[in-house]
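Starting from the given sequences, assemble the full structure and let the hints guide the process.
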Amino acid sequence: MTQSAQPLVEIRDLFTEMVTFDGVSKVLNGVNLTINKGDLLGLVGETGCGKSVTAMTIPRLVPQPPARYTRGQVLFRGEDMLTKQGEELRQTRAQHIGVVFQDPMTGLNPVFTIEQQMVDAILTRQQSLHATGFFRGWLPSNRERRRQARERAIQLLRRVGIPEPEKRINAYPHQFSGGMRQRVLIAMAISGRPDLLIADEPTTALDVSVQAQILRLIAELVREIDLTVLLITHNIGVVAQLCNRIAVMYAGNVVESGPTREVLNAPKHPYTQGLLQAIPSEDIARGELVGVAGSVPSLLTPPPGCRFAPRCAHATDRCLTAFPRTIAVTSQHEVACVLHEAEAKTA
Amino acid sequence: MTILELRNLTKVFGGRVRAVDDVSLTIEAGATFGLLGESGSGKSTLARLIPRLIEPTSGEIFFEGKPLQNLRERDLRPVREQIQIVFQNPFSSLNPRMTVRELIGEPLYIHKRASGAALDEQVREMMRLVGLNPEHTNRFPHEFSGGQRQRIGIARAIILRPKLLILDEPTSALDVSVQAQVLNLLIDLQRTLHLTYLLITHDLSVVRYMCDDVALMYLGSIVEQGTVQRIFRQPAHPYTQALLRDIPSTDPDQRMLESVSLEADIVSAPWNGQGCRFSPRCPVAQIGECKTVEPALVEVTTGQRAACHLVKPHLVTP
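Quick note, the sequences are listed as chains A and B, same order.
The first sequence maps to residues 97 to 443 in my numbering.
The second sequence maps to residues 10 to 327 in my numbering.
Treat the hints as calculated values from the structure; they're not laboratory data.
Model, not experiment: these values are computed from the prediction.
Where a beta carbon is used, it is the ideal one built from N, C-alpha and C, also for glycine.
Warning: the hint list may mix true and false statements.
Unchecked claim - Examples of chain B residues toward chain A, derived with CB under 8 Å:
#: 1; residue: Q131
#: 2; residue: E134
#: 3; residue: P257
What the hints assert, rightly or not - Sample of chain A residues facing chain B (criterion: CB under 8 Å; computed from the structure):
#: 4; residue: G203
#: 5; residue: V207
#: 6; residue: V306
#: 7; residue: A308
#: 8; residue: L338
#: 9; residue: T356
#: 10; residue: R382
#: 11; residue: S391
Stated by the list, open to error - Label pairs and their in silico Cβ distance ranges:
#: 12; chain 1: A; residue 1: V115; chain 2: B; residue 2: V21; range: 49 to 55 Å
#: 13; chain 1: A; residue 1: S377; chain 2: B; residue 2: T236; range: 27 to 33 Å
#: 14; chain 1: B; residue 1: R264; chain 2: A; residue 2: P259; range: 24 to 30 Å
#: 15; chain 1: B; residue 1: N98; chain 2: A; residue 2: I321; range: 34 to 40 Å
#: 16; chain 1: B; residue 1: S154; chain 2: A; residue 2: P103; range: 33 to 39 Å
#: 17; chain 1: A; residue 1: A381; chain 2: B; residue 2: V276; range: 35 to 41 Å
Rendered as structure tokens:
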């Protein structure tokens with residue numbers, strides 16, 4: 097980490113369990129992740145690796161139960177989110193965090209117009225602020241506040257590239273395409289001028305050309321407003337094109353993290369290497385694609401040592417029993433694998 | 010030898026939605042033909058028209074030279090044994106109340122090919138072939154991972170030993186590491202069972218990896234068609250060019266986001282039914298011909314055809 101970088105989020109040694117009918121699933125197994133101010137961090141991994149649980153722990157949107165935090169800290173702006181409750185939690189969310197969910201089809205309520213939903217979102221945020229006296233002594237009439245919120249909504253819609261926002265704001269979600277709905281959700285997420293935008297697979301449900309438009313929009317917003325983004329995706333291409341940092345998760349651990357270019361050009365963890373090899377690219381002949389053999393372990397009874405060891409070609413006896421520590425191979429590039437112990441930088 | 014030929018195939022839903030609009034294509038036996046398109050382009054409708062799971066509004070379908078469009082349901086059955094489909098979603102396309110044995114063996118039972126111990130033996134053989142443990146015949150779909158479920162879907166489709174397999178987004182619900190396994194399984198099966206594939210997908214990298222020929226659909230019609238080599242190296246149609254630019258490369262040094270690409274989408278820039286259907290979104294469309302005359306699919310060079318007024322055959326380097 098460079099000296100000037102200021103951490104906005106620091107997740108330290110986070111252990112999370114989920115209580116299910118089949119038993120206790122050890123979902124997060126000591127996650128360490130730092131997001132600096134101004135970062136565009138891509139969190140990648142396959143289905144069920146814990147990327148959404150990790151990210152949604154920051155605004156505490158993971159329902160408890162079934163989730164149970166057994167150890168660790170989630171520092172956001174220096175405060176531990178795991179100890180916050182009730183009104184204090186609402187405040188932090190309203191003032192500092194915006195979330196865009198994966199599916200633009202279900203993110204909006206089909207029976208309300210875009211205007212109703214956006215105005216409500218904007219007013220709810222304001223009310224959270226009023227409650228603590230952020231705007232105490234200044235309470236315009238209800239009608240005036242709704243009018244102002246509508247103005248703001250139109251302004252936001254214009255910013256995210258909805259044509260004719262004055263007219264389109266009266267439409268219902270089904271009158272919008274998937275890409276436009278995702279734009280509306282981004283507009284709602286940034287309506288409170290958050291410090292952190294969490295985007296959970298924002299383009300997975302979209303076509304490539306629309307995906308490119310949305311990614312361009314996110315890149316523009318980051319430049320324009322002072323935004324830090326945590327992008328959750330399973331598409332490494334999206335991270336390569338958009339993010340300055342990447343963190344790769346596997347079965348509840350961050351196995352590798354660092355500057356995107358460094359990690360993708362010289363991946364250190366066998367899982368990251370396997371993941372990159374599994375993507376069909378121009379120079380791979382038919383039948384020569386190498387996947388990652390085997391499948392993801394059950395988190396009800398995870399492997400005791402390195403969770404990737406059962407699928408790893410380089411695994412030794414030690415990997416099967418001892419959990420690997422995180423090693424810094426360069427100043428910012430970290431990997432959790434015993435193969436790179438020799439390269440460890442002495443602090 | 011041509012195994013499948015479609016001539017001017019059209020499907021109109023509700024009298025006005027032209028989901029498949031005048032599509033003609035031929036697939037050679039043993040080849041893998043890729044059908045690319047965004048959601049709503051009509052590719053899945055086209056897949057279902059081929060074995061007449063839905064009835065075409067007009068046009069002709071020839072399977073091994075035999076016309077299918079006028080066959081009675083009874084005569085269609087033996088043809089359907091030859092044309093099987095693997096569906097997209099391995100979570101919803103398998104009946105959760107059926108065991109793997111019932112799921113994979115069902116086609117044999119329906120087409121009265123085998124029963125009892127013979128059926129069991131064939132099911133176990135299929136499971137071995139697609140890389141499933143044959144001891145798991147009595148398990149239910151929920152006990153398998155997504156990749157394994159898609160293997161069940163494949164086993165079910167190939168147990169009748171079809172000649173043509175229609176793969177409708179076979180890996181889009183899977184993670185990349187599992188996708189690689191399933192794609193390689195499909196390649197192996199094609200070699201051992203001499204299958205012809207019609208692979209429907211929106212993923213250009215899957216087409217590049219798997220296919221010999223490719224057709225791009227836009228709003229129900231083919232806008233460009235040709236060999237994979239040709240089209241990925243030198244796309245002629247502005248739509249193909251834009252799609253190829255918009256695949257996010259895993260190489261951080263290739264800057265995709267800095268290039269200008271397509272505006273709007275199929276819904277927000279609707280086609281008014283006149284001229285080129287891509288013109289509302291086309292970055293190079295011009296007033297005149299593009300807005301008034303629908304371009305025909307014409308050969309631009311050997312092994313490549315495109316439907317665009319602006320593509321001048323003599324300007325394309327061979």
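Hints, verified against the model:
1. Q131: This hint is violated: B/Q131 lies away from chain A, its Cβ roughly 26 Å from the closest one there, beyond 8 Å.
2. E134: With a minimum Cβ separation of about 23 Å from chain A (threshold 8 Å), the hint on B/E134 is violated.
3. P257: Holds. Min distance 3 Å.
4. G203: This interface hint is violated because 17 Å lies over the 8 Å limit.
5. V207: 20 Å, violated
6. V306: Holds, because the Cβ-Cβ distance from A/V306 to chain B comes to roughly 5 Å (cut-off 8 Å).
7. A308: Holds, because the Cβ-Cβ distance from A/A308 to chain B comes to roughly 4 Å (cut-off 8 Å).
8. L338: Holds, about 7 Å.
9. T356: This interface hint holds because 5 Å falls under the 8 Å limit.
10. R382: 6 Å, holds
11. S391: 5 Å, holds
12. A/V115 - B/V21: 49 to 55 Å: This hint holds: roughly 52 Å between Cβ atoms.
13. A/S377 - B/T236: 27 to 33 Å: 19 Å, violated
14. B/R264 - A/P259: 24 to 30 Å: 27 Å, holds
15. B/N98 - A/I321: 34 to 40 Å: At 38 Å between Cβs, range holds.
16. B/S154 - A/P103: 33 to 39 Å: Cβ of B/S154 to Cβ of A/P103: about 37 Å, so the range 33 to 39 Å holds.
17. A/A381 - B/V276: 35 to 41 Å: 38 Å, holds
When the structure is compared with the earlier hints, violations turn up for hints 1, 2, 4, 5, 13 and for no others.
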